[in-house]
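With chain A held as given, fit chain B onto it using these hints.
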Amino acid sequence: MNLSIASSDSLEAIKQNSTCPDFLVQVLESSTTYQKRAETSLLSSLRAKTNFAEWIAALLILDPTVLSNGGKTSRLSEFIIDEASSIQNLSRLEITVDEKDMLDFEKVANTPADRSIVSVFVFLKFVGSTVSQARITATGVSKSALDVVACSSILIGKELTTALIHELKTKLSAEINPPDSYLGTSQYKKEMAAVLIEKIMLKKLNGEN
Amino acid sequence: MEKELLLTFTLNDEPWSGNVDAGQSLLDFLRSLHLNSVKAGCQVGDCGVCTVLLDGNPVRSCLLKVKDIQNKSVFTLEGLNKNGRLHPLQESFIETGAIQCGFCTPAQILTAKAFLDKNPKPTEEGVRSALKGVLCRCTGYVRIVDGVMRAAARLRGEKLEAYGPLYLDLPENCADIRIPDAYLRNAGSQRPLPPLVYTPTSMSKTSVVNTANKKVDAEKLVTGKPAFTDDFRPEGLLFGALLTSNIAHARIRSINTEKAKALPGVRAVLTYQDVPRVKYASGGQSYPQPLPYDQVCLDNKVRHVGDRVAVVAADTQEIADKALQLIEVDYEILDAVVDPREAIQEGAPVIHDEEDTEGIFDAKHNIVYHIEAENGDPDKVFAEADHVVSGEFRTPKQQHAQLEPHICITYFDPDNRLIVLSSTQVPYHVRRIISPLINIPIKNIRVIKPRIGGGFGGKQEILLEDLCSLLTIKTNRPVRLEYSRRQEFTSGRTRHQHYIHYKIGVKNEQITAVELKLLADTGAYGTHGLTTSMVGGFKGLTLYNALNSRFICDVAYTNTPTAGAYRGYGTMQELFALEVLMEEIAEKLGVDVVEFKRKNWLQLGEPMHMAKKLGEGREGFDQSLATSGLTQCVDIGLKATRYYEKRQAYKNQQGKIHRGIGMSIAMHGSGIAGLDMASATMKMNDDGSFNLLIGATDIGTGSDTILAQIAAEVLGITVDDIIVYSSDTDFTPFDKGAYASSTTYISGGAVKKTAETIKKQIQEQAALMLQWNDPATLILKDSRVITPQGKSVSLKEVALSSLHQLNQHQIMATESHRSYVSPPPTAAQFVEVAVDTDTGEIKVERMLMVVDCGRVINPITAAGQVEGGMAQALGFAHCEDTYIDEKGQILNPRFETYHTYLANEMPPADVIFVQTDEPSGPFGAKSVAEISIDGVAPALVNAVHNATGAWLHQLPLTPEKVWKALHA
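One line per chain: the protein sequences are A and B, in this order. Every letter in the first sequence is one number past the one before it in our numbering, and letter 37, counting from 1, is 37. Every letter in the second sequence is one number past the one before it in our numbering, and letter 934, counting from 1, is 934.
Do not take every clue at face value.
Selected chain B positions facing chain A (in silico; Cβ < 10 angstroms) [unchecked claim]:
1. Gln43
2. Gly45
3. Gly133
4. His501
5. Asp836
6. Gly840
7. Ile842
8. Val844
9. Arg846
10. Asp881
11. Ala968
Calculated cross-link-like contacts (lysine to aspartate or glutamate; reagent style EDC-like; alpha-carbon spacing at most 16 angstroms) [to be verified]:
12. Lys203(A) with Asp838(B)
13. Lys82(B) with Asp13(B)
14. Lys843(B) with Asp114(A)
15. Lys517(B) with Glu392(B)
16. Lys118(B) with Glu12(A)
17. Lys760(B) with Glu815(B)
18. Lys503(B) with Glu584(B)
19. Lys443(B) with Asp728(B)
20. Lys656(B) with Glu198(A)
21. Lys791(B) with Glu764(B)
22. Lys301(B) with Asp356(B)
23. Lys639(B) with Asp176(B)
24. Lys588(B) with Glu318(B)
25. Lys651(B) with Glu756(B)
26. Lys190(A) with Asp114(A)
27. Lys843(B) with Glu106(A)
28. Lys443(B) with Asp413(B)
29. Lys190(A) with Asp728(B)
30. Lys656(B) with Asp114(A)
31. Lys220(B) with Glu78(B)
32. Lys964(B) with Asp838(B)
33. Lys683(B) with Glu587(B)
34. Lys67(B) with Glu4(B)
35. Lys961(B) with Asp180(A)
36. Lys612(B) with Glu354(B)
37. Lys169(A) with Glu374(B)
38. Lys796(B) with Asp686(B)
In short, the hints are calculated from the structure, not lab data. Using N, Cα and C, we set each Cβ at its ideal position, and we do this for glycine too.
Here chain A stands alone, though its shape is the one from the complex (with noise of 0.2 angstroms):
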């Protein structure tokens, strides 16, 4: 499935697109309101990192295209660190899902609809049961988005099992220092982003996303 995205687009016209992925339809749906969406571009929503940080996490698991105003062409994890790119040179983004790929996200929150206290994203590729590409992003850990590259690395080449998923878990809480703050402390947000990530794991190691 291909989905592109002109810089104007409204984050409403994205999720109404018929070719948008059911996964940042949930996104957005869980992480934004009518009247966000409609008021909000992609362009606004890439520059204001802290209040769409959940999209911009599910984005960068995805890794568009970005095919900038000058005709160049990068992936959106580069051109989001990239200090000399200005975001405003975006055009659009490319979005290529395959529907084999693992796509998915969960978050804590005081209540269902609330902002989340820490939220992990996921995307897997697999060449017969081995993992061959993942990104792992989680929000609520830091000001905006975390790419947890060094979570993503452990995963490539190898077959989910219990024990890996193991492993991921403390890498995950040991890359990560979330603040404390009035909605939870940096120990629970450290066992939640383990949580998290177990929980999604598990899901895909049982056959259920």
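Okay, now just chain B, sitting in the frame of chain A:
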């Protein structure tokens, strides 16, 4: 002006063009065009009540600039009514009772319209998701969602059944009670259900009372007509702005206002140096308010972040806001204390060290009130008890979060009398309390209350009226003063945070002694600290009414925003602790908790042992329970939730998601015994209609409607023939205001008496006309006066006769009412949850409250009260708290961070009424507004215990607290 722009756009399907300030917010621009349906709730995009449609999509007008709508189409609620007919969404909102205060209604309707335009056959889930961007604090979203689904069906051309409550007879034997299938929710349906009303067959029939009459103000609110304070802007209006402290505790060494005063457009700047130092208390209570009077309009000391420092009036809001930034304040910063447990310790900073405040119990230890009350011999009986169980509990500093901020407009009328237009629950108290502060006699002040966009107790305070009046006096100009949303959090009022210690003695499964120790945090000022605590003590010791009871309470000052009146008023905090501890005791004793409670709860006719000792701020009156439907409420709830079956099923659950069910009981009051007084005036018009003039304050509850129903029932007419005018100190008679669950019972009593006097006058006039010599035997029915033989005259004929022909006089009356009892409504609350044991997250799957509020005057508006009450209580129990750091700064002072339940996460909130016939109430009515909030917290905690085995004593139940309890 940022930059002038020639703006061209389409407004409500009509072209519009003109020069505008490009930088003006769309919200301000639309309101400047008198499009009053567009409301300002937070101005930062969090609440959604400013929603309009831009090219058919819902957007928050407070976040958009005028330049953003160039060549686009803007649609507001006013655009829906151009053909003079209501849109199906508006019709449905009226029918279902989706409108309470009405402040969010335009935004809800527009959002729903945008959604239905694209989704004509929506799912309920879809509707909830679409509406989640518009907050509602009154309804719990139940009737709003119902209204949108009904409107969708209407727009599809489907035939709709009449909407209304379901009435069933209540059998004498509880075992024979039949619960309709829908109310069992066996299939897991989330669909909103209309209220179910059980009535004992022995109760007399009524024709207007106990019907779902549409709200008398519904059409005005659903069409967005000017109704709220900010919708009325006099000529020459100045805009006020309030400078508040950013420091929790400091003395003001000096304030330099020169730069602010020099700013062009600034008309007045007031500080403590400019206003007389008159001591007062801001709580809107009856005369005399309890001491201490620990406030002055503007002080040389600040006691919390958000405390008043200075106030400005200017030609525009922008200039006023800019002037605030130019005021230079030199603070001597003092140590602050934000925890009441520390505030009362030796050596803590003294918050009220001023010498001119009288009546603080122990100022050096920040104890504003100390209360002790005792009955019997608790110590002796504790010593003799089989079991003595105790527990410590903590409740949160919950925000009212009403969507209309506090707002006031003041001006002098042509007779040089001060008009105070205010969003207040207590217009008469406002007039009395501000008079000495502004040095204008009461007779020269007129307070008018327009519609109010939610109050919940937060507007039972005098927060802006004095300052706004002082600005008008200074400038001789109309002035508008409004809290920003941030000031609502920092300068408004909150629920009192309570630290509660209960000790309960049990012998032979009977509660023989109870001790309740309470530490209440009143924040920087005392206001309602005494009365909320006494009410909490009384209710917390009366539900089970142990003969041997003791109440010991300290109310502490802290350097935090002041606590005040809040729906539930002390009771909900104490009942939370009590009802959780009762469950713990039952578990310890190995007995069924429901049966344990049944053996101990207050019985019919039983004297309330603490009623006299714990009045509200003074000695109370002896009372006993005259009516109670508690047994039936509990039994119906047990059946409707299949409580026992589920409790059994939830034992030894496997997996990570554990389900649980919990219950609690509650008892509240109806007005303040021997204190609350209300009055009403009625007069008859030429056409047989009546003006009903009442001081009672409809804050969105529907009280104008139910008071009209009471009058209509007495006079044999419909509500359509009653014109209600409420809350204007010049034109309506005294009423203490909207608080203490008093309006239906006390104000309703006054209206009933007044209508009965009018009825008598009509009978006498009709008897003359009909040459009938026994007026009392004439019957008033269907707008006619009828002899037993069937001869009749119409009310119109009676009116014309009395005004123009025979024994000429104006048929009119004024009556007052008060009561020396405060009959308790009773209720059983049930909550079902799913707990994620990995994360500690709680998902509430259903709430059900079965309520005895006497005779239900209007089942739809009453159900709205219960649904909204449950929603607020769920926030209190689950997610709402004001987080304050050690320096007194609030960490979550906006709706984005202070989360209230949204439309897409509200569980079903079902309401069942069990009618009783309270002899002292109008047509048997008791109150309903506050009982609705009392039961959710303990039922939720008990449900979580049922699910997980963990006991939680500190609210709100955040995931981390639950998770820690599970991993302790």
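Chain A contact restraint for Gly133(B) - C-beta distance below 10 angstroms:
holds, 3 angstroms
Given the hint that Lys203(A) pairs with Asp838(B), test it: the Cα-Cα distance must not exceed 16 angstroms.
Within the cut-off at roughly 14 angstroms; holds.
Residue hint His501(B), partner chain A, criterion CB-CB below 10 angstroms
Because about 26 angstroms separates His501(B) from the closest Cβ in chain A, which is outside the 10 angstroms limit, the hint is violated.
Checking one constraint from the list: CA of Lys190(A) to CA of Asp114(A), max 16 angstroms. Satisfied?
It is violated: about 19 angstroms lies between the C-alpha atoms, which goes past 16 angstroms.
Measure nothing beyond the straight line between the CA atoms of Lys443(B) and Asp728(B); if it is 16 angstroms or shorter, mark the hint as holding.
holds, 13 angstroms
Taking only the CA atoms, is the gap from Lys612(B) to Glu354(B) under or equal to 16 angstroms?
violated, 34 angstroms
Take a quick look at whether Lys639(B) and Asp176(B) sit within 16 angstroms of each other, Cα to Cα.
Distance of about 11 angstroms is within 16 angstroms: holds.
Sort out whether Glu12(A) lies within 16 angstroms of Lys118(B), counting only the CA atoms.
holds, 12 angstroms
The hint names Val844(B) as touching chain A; please verify it with the least Cβ-Cβ distance against 10 angstroms.
Hint holds; Val844(B) Cβ to chain A Cβ min 8 angstroms, cut 10 angstroms.
When you check the alpha-carbon spacing of Lys683(B) and Glu587(B), does it fall within 16 angstroms?
Roughly 60 angstroms separates the two Cα atoms, so the pair is violated.
Interface hint check: Gly45(B), Cβ to nearest Cβ on chain A, cutoff 10 angstroms. Holds or violated?
Nearest chain A Cβ about 8 angstroms off; hint holds.
Is the Cα-Cα distance between Lys656(B) and Glu198(A) 16 angstroms or less?
Judged against 16 angstroms, a Cα distance of about 13 angstroms means the pair holds.
The structure shown violates the earlier hints numbered 1, 4, 9, 11, 24, 25, 26, 29, 30, 33, 36 and 37.
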